[in-house]
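Protein chains: 2
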Amino acid sequence: MKASDRAYAALRDDILQWRLVPGTVLGEVEQAERLGVSRTPLREALARLTADGLAAAQRGRGVVVSDISLEHLDELFELREALESKAAALAAQRGDRERFAGLRDAFAAAGALVTDDDPQRHEYYALAAELDAEVDAAIANSYLSQALASLRVHLARVRRLAKDDGARLRQAAVEHAAIAGAIADGNPQLAAAATAVHLSSSLQHIKATHSDTTPPPGEASHG
Amino acid sequence: MKASDRAYAALRDDILQWRLVPGTVLGEVEQAERLGVSRTPLREALARLTADGLAAAQRGRGVVVSDISLEHLDELFELREALESKAAALAAQRGDRERFAGLRDAFAAAGALVTDDDPQRHEYYALAAELDAEVDAAIANSYLSQALASLRVHLARVRRLAKDDGARLRQAAVEHAAIAGAIADGNPQLAAAATAVHLSSSLQHIKATHSDTTPPPGEASHG
DNA sequence: AACGGCGGATTTGTATACATTGACCTGGGA
DNA sequence: TCCCAGGTCAATGTATACAAATCCGCCGTT
Numbered sequence: 166m167k168a169s170d171r172a173y174a175a176l177r178d179d180i181l182q183w184r185l186v187p188g189t190v191l192g193e194v195e196q197a198e199r200l201g202v203s204r205t206p207l208r209e210a211l212a213r214l215t216a217d218g219l220a221a222a223q224r225g226r227g228v229v230v231s232d233i234s235l236e237h238l239d240e241l242f243e244l245r246e247a248l249e250s251k252a253a254a255l256a257a258q259r260g261d262r263e264r265f266a267g268l269r270d271a272f273a274a275a276g277a278l279v280t281d282d283d284p285q286r287h288e289y290y291a292l293a294a295e296l297d298a299e300v301d302a303a304i305a306n307s308y309l310s311q312a313l314a315s316l317r318v319h320l321a322r323v324r325r326l327a328k329d330d331g332a333r334l335r336q337a338a339v340e341h342a343a344i345a346g347a348i349a350d351g352n353p354q355l356a357a358a359a360t361a362v363h364l365s366s367s368l369q370h371i372k373a374t375h376s377d378t379t380p381p382p383g384e385a386s387h388g
Numbered sequence: 166m167k168a169s170d171r172a173y174a175a176l177r178d179d180i181l182q183w184r185l186v187p188g189t190v191l192g193e194v195e196q197a198e199r200l201g202v203s204r205t206p207l208r209e210a211l212a213r214l215t216a217d218g219l220a221a222a223q224r225g226r227g228v229v230v231s232d233i234s235l236e237h238l239d240e241l242f243e244l245r246e247a248l249e250s251k252a253a254a255l256a257a258q259r260g261d262r263e264r265f266a267g268l269r270d271a272f273a274a275a276g277a278l279v280t281d282d283d284p285q286r287h288e289y290y291a292l293a294a295e296l297d298a299e300v301d302a303a304i305a306n307s308y309l310s311q312a313l314a315s316l317r318v319h320l321a322r323v324r325r326l327a328k329d330d331g332a333r334l335r336q337a338a339v340e341h342a343a344i345a346g347a348i349a350d351g352n353p354q355l356a357a358a359a360t361a362v363h364l365s366s367s368l369q370h371i372k373a374t375h376s377d378t379t380p381p382p383g384e385a386s387h388g
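Each protein sequence line maps, in turn, to chains A and B. To get my numbering, take the position in the first sequence, counting from 1, and add 165. To get my numbering, take the position in the second sequence, counting from 1, and add 165.
Read the hints as simulated data drawn from the structure, not as lab findings.
Here are some chain B residues the structure puts well away from chain A; computed CB gaps all over 12 Å: (1) Gln-182; (2) Val-186; (3) Val-190; (4) Arg-226; (5) Ala-273; (6) Ala-293; (7) Asp-329; (8) Glu-340; (9) Asp-350; (10) Ser-365; (11) Gln-369; (12) Thr-374.
Under 10 Å between C-beta atoms, here's a sample of chain B residues computed to sit facing chain A: (13) Arg-208; (14) Ser-250; (15) Leu-309; (16) Leu-316.
For every residue, glycine included, the Cβ atom is placed at its ideal position computed from N, Cα and C.
Please construct the entire structure, taking both the sequences and the accompanying hints into account.
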């Protein structure tokens, strides 16, 4: 594998896993030494991260890990609704109905998957990723697929803020089942609506869990 | 200005103006010599073009100008509808009503702008770009803005396929006025609908003008 | 004491030399 | 005649040396 690919993958993973937190300065020499590559491939990796929106070039101070927080959540979900509603509608028009019927049933049975054994909920997220992949394949639109891929990178970063509990995931399974079901039925409008419902519910959950712990902006940090 | 920026701007412009046609191989040494820069900044420029989707890295053959044609038009417009409908709706919620009212009137009066003096229709396209910029500012959403910017790069490429005549542009002005008017009225649903109408009409026009002139795929370019 | 200009140090930006990989061509064998 | 193997070559991938720009701290002035 190319050194630039290794550097890119390593840095990207570090950022997605919050080992490199927003605001961290990615010095070329420093990171090149840490990852065991030369500056040239590392610069290419930084350029790709910048294009992804995971990092941003600050004048003078080099490249820094881009900021992401609850303040950006509304914006992110607005884009998400635009893209995923359209994707769901197109999938309903073009998708393989049996595959989505299978996914619908899988989500309907997914309540059992949500156990306390796996604190990271890998099984459920894997199933959700499967739905994403199936939608991607169904829409047959490289431009939309690329936009979705770019979006999901940012969603992966905010997943840490989600704090999904068992109850939320069981509700999400119901919503996902509705989406898959609408696609399986070949109903574009319903698929888009079910997606909108899911996203609204998901966004609301994230905000609610954080309004408990974080003070409202007006009263923030007076101590 | 940095050499890598110059190289990027030059190549991007060459691609957008179809001086570099799809399929052209962008050899590093060749382009570096042509643009008077070294390979290092040129590679950075190629990386950025690849991230933009204007070029693609083909294994073994280096970077080539990415393909775009009528076959991709439907896909491109699907993404366009997803993004621009959402953007119009958000602008209707948040935009400065007076500015969009001004744009609405400008489009309503734009029939006079469409003369035969300017074969490239710069004046009209400038007005359309102004609407885009105003929507961009109104939505206040960096993620959506970036997605729109990425989309517009590809739209600029296919503009060459459009062959807009005076009649079409006058109709487009009516449609644009409807969009700006809906936003000015603060009506998100109508703004989205007017956008969908405009895009459908625009896509249909492009396809119609080309079904006259271009032969079906089977007979294409046997010379 | 505060502000502005200047120098040093550290960083990024560029060029070029070297390594390596993949493609193409040629020659031999089936 | 076709196919495969090997070599050659040209391209990309990497490392490093050098140049340029920017920031920070210092010192002088006001």
